[in-house]
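Enquirer: So the sequences go chain by chain: A and B. Heads up: the first sequence begins at 1060 in my numbering, then just goes up one per residue. Heads up: the second sequence begins at 1060 in my numbering, then just goes up one per residue.
The set of hints was computed from the structure by calculation and includes no laboratory data. A hint or two may mislead.
Here are the simulated lysine-lysine pairs, DSS-like style, with alpha carbons at most 25 Å apart [unchecked claim]: (1) 1305(A) - 1257(A); (2) 1206(A) - 1218(A); (3) 1206(A) - 1206(B); (4) 1206(B) - 1110(B); (5) 1257(B) - 1110(A); (6) 1218(B) - 1236(B); (7) 1218(A) - 1298(A); (8) 1110(B) - 1159(B); (9) 1298(B) - 1206(B); (10) 1298(B) - 1257(B); (11) 1206(A) - 1257(B); (12) 1110(B) - 1257(A); (13) 1110(A) - 1130(A); (14) 1257(A) - 1206(B); (15) 1130(B) - 1236(B); (16) 1257(B) - 1159(A); (17) 1206(B) - 1218(B); (18) 1110(B) - 1130(B); (19) 1257(A) - 1159(B); (20) 1257(A) - 1218(A); (21) 1130(A) - 1206(A).
There are 2 protein chains.
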Amino acid sequence: MNEPRCGRQTWQFQQDIRLLGSAVAVGPLEGDGPLAAEFDHIHDNMYAGQKSWEKAERHLMCQAVETAIEKSNLLQSEIDIVLAGDLLNQTISSNFTASKLNIPLLGMFGACSTSMETLSVGAALVDAGYAHYVVAACSSHNCTAEKQFRYPTAYGGQKPEYAQWTVTGAGAGVVGKDGSGPRITHATIGKVVDMGIKDPFDMGTAMVPAAVDTMSTHFRDTGRVPHDYDLIVTGDLGKIGYAIFKDEMKELAYDMSPVYNDCGLMIYRPDQAVFSGGSGCASSAVVTYSYIMNQLRAGTLTRVLVCATGALFSPVSYQQGESIPCIAHAVAFEAVKEE
Amino acid sequence: MNEPRCGRQTWQFQQDIRLLGSAVAVGPLEGDGPLAAEFDHIHDNMYAGQKSWEKAERHLMCQAVETAIEKSNLLQSEIDIVLAGDLLNQTISSNFTASKLNIPLLGMFGACSTSMETLSVGAALVDAGYAHYVVAACSSHNCTAEKQFRYPTAYGGQKPEYAQWTVTGAGAGVVGKDGSGPRITHATIGKVVDMGIKDPFDMGTAMVPAAVDTMSTHFRDTGRVPHDYDLIVTGDLGKIGYAIFKDEMKELAYDMSPVYNDCGLMIYRPDQAVFSGGSGCASSAVVTYSYIMNQLRAGTLTRVLVCATGALFSPVSYQQGESIPCIAHAVAFEAVKEE
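Produce the complete structure using the sequences and hints provided.
Expert: See below:
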């Protein structure tokens, strides 16, 4: 058997690992954005027919998971494990979703990097034969995140222009061996990087060093360069982080400009009032599990790298004067020409 | 290659997977308990020399991880991944510990089941060759948990006798292929089970059905029965849960009585004022990574099953009237006679 790693931090999957199906559910602002046609479920209300925002968030996750399984032509009972996480305290969106699904759960927390963390570990478990089919899922909701991380929503606290807007949505992907769908080829597991930034509104800037660390590690480990991909996205650096990231990669001699974008910029129109762009677990999850997968299936994209970025702080840690530790995990996808 | 699973939920490790070293750090009450002689670090103060309880908790985790690596005769730079989780919002103890360690992080959340969740996935990654060495770690702290989950500690809220006492401590184990130390043979990944219990003080009762589900699945998947082990522990069911669990297993024709104990009962003396017993991620982690590993190394125990139990609720979920979804993950260990 080959070594299923290239370098210390990058896994190279040995089997033909596929994303068999994926689905997303989103809120009204996302449904009004430029990627609306790619989405499976769009809710015109932040409650999504539920009695609280928290219940709405888990409803979105449940919808995404159920639809992803359906689109994979599988039954819920065929899924061995759901790997899921979210931003809420004790990841309740994931716990209550898994409770409803009756599928074994591996709960994960990587803040907004959870989308690619769950997918990386899920793909590794399938590759090694620990599971036949897994679902990777995550969610975020603008109102549940605002009231938990910042101020009561009714207070109407003002934000600086460099702040970001938590995406309301959920994304899920079903991973299996063989079958049809884009191939998952590599995953790069990130280190926690903390450059001392303490402003909880400026997460884009805080997350850049982690994104640079994981992406340059990915290139070093795989021997690839940016133009080996026709699209490379970060999860949610927003406008500010996007520009700094491109500059910092250039200093390391990686020219990102022809292929680089950020999910937090892709999910909203420039004229939507989202400050510096989208953030939250759902930013990378919604864009990856809809637009990117659809393009890979259609063959209009052939090789994509998704680097999901997470700010690993809590209100308690920043109120105690701590800086914001960050992390990024990256997954590489390839289109497969079906015969 | 053999199928690395027996049954849908149980992983059977194919290689010679070992717990190369483990360590724990605890607070004063635990250091006054019956297992004190087994502990690596005992702090006589809840602050453990730090400026806040939160910083104390991550200091314990850091100590446990660093000592576990030392006891494995490895360098920190040889560890490929740390898999860690804790009870604090956004698992900040784990994030800040990983930030200090400079080792790639897979953050996990399974409430008090996190000890065996991180160890299961860590062992699977080593078994399949995705990592050479990993550390699994988790922590809890009585004061950080009280102020976060219940009332401000200074308020002195009274508790019912059936409540439990969050263990202050951290445990960590280093997993590698070959080498010396107890063997990790199986892991059973649990489903979320929710029987509608809503009292956040009665977690022992709430967690019983999840423990029963995972343990009976483990027996079914492996073809084993309770007396194939010379010790089986649950993580933190406490006095109330312990009794109900034994009864419910008996109804399924599994007689647990000769070999069964609960980590939450083992870690304190009966006369220590801890209500129904210990709870928290550290309950199973501290007992497993000290006493149980020491006994397996000494050969006084030969085969042990640790079933860590977790209550997957948050203050928001129970204040919104939700029941408490629970989960349990189990790991089987075997003593290895060194030549």
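Enquirer: For each hint, tell me whether it holds in the structure or not.
Expert: Now the hints, each set against the structure:
Restraint check: the Cα-Cα separation between residue 1305(A) and residue 1257(A) comes to about 22 Å, which is no more than 25 Å; the hinted pair holds. Pair hint residue 1206(A) plus residue 1218(A) holds up; C-alpha atoms about 14 Å apart against a cutoff of 25 Å. Proximity of residue 1206(A) to residue 1206(B) is assessed by CA-CA distance (about 19 Å); at most 25 Å being required, the pair is judged to hold. For a cut-off of 25 Å, the pair hint linking residue 1206(B) to residue 1110(B) stands: about 16 Å separates their Cα positions.
Using a Cα cut-off of 25 Å, the hinted pair residue 1257(B) and residue 1110(A) holds, with the two alpha carbons roughly 18 Å apart. Restraint check for residue 1218(B) and residue 1236(B): not satisfied, since their Cα atoms lie roughly 45 Å apart, outside the 25 Å limit. Distance hint between residue 1218(A) and residue 1298(A) is fulfilled; the C-alpha atoms sit about 15 Å from each other, no more than 25 Å. Note on residue 1110(B) and residue 1159(B): the hinted pairing holds, with a Cα-Cα distance of about 17 Å set against a maximum of 25 Å.
Of the supplied pair hints, the one linking residue 1298(B) and residue 1206(B) holds, its CA atoms being roughly 24 Å apart against a limit of 25 Å. Straight-line distance between C-alpha atoms of residue 1298(B) and residue 1257(B) comes to about 19 Å, which keeps the hinted pair within the 25 Å bound. With a C-alpha separation of about 23 Å, the suggested pair residue 1206(A) and residue 1257(B) falls inside the 25 Å cut-off, and the hint holds. Taking the CA atoms of residue 1110(B) and residue 1257(A), the gap is about 18 Å. The hint holds against a cut of 25 Å.
Taking the CA atoms of residue 1110(A) and residue 1130(A), the gap is about 28 Å. The hint is violated against a cut of 25 Å. With a C-alpha separation of about 23 Å, the suggested pair residue 1257(A) and residue 1206(B) falls inside the 25 Å cut-off, and the hint holds. With a C-alpha separation of about 16 Å, the suggested pairing of residue 1130(B) with residue 1236(B) holds against the 25 Å cut-off. Taken as a hint, the residue 1257(B) and residue 1159(A) pair is honoured in the structure, with Cα atoms around 17 Å apart against an allowance of 25 Å.
Our distance criterion of 25 Å between C-alpha atoms is met by residue 1206(B) and residue 1218(B), whose separation comes to about 14 Å. In summary, the hint linking residue 1110(B) to residue 1130(B) is not supported, as the alpha carbons are separated by about 28 Å, beyond the 25 Å threshold. Of the supplied pair hints, the one linking residue 1257(A) and residue 1159(B) holds, its CA atoms being roughly 17 Å apart against a limit of 25 Å. A C-alpha spacing of about 16 Å is found between residue 1257(A) and residue 1218(A), which places the hinted pair at or below 25 Å, so the restraint holds.
A hinted pair counts as satisfied when its Cα atoms are at most 25 Å apart, and residue 1130(A) with residue 1206(A) does not qualify at roughly 34 Å.
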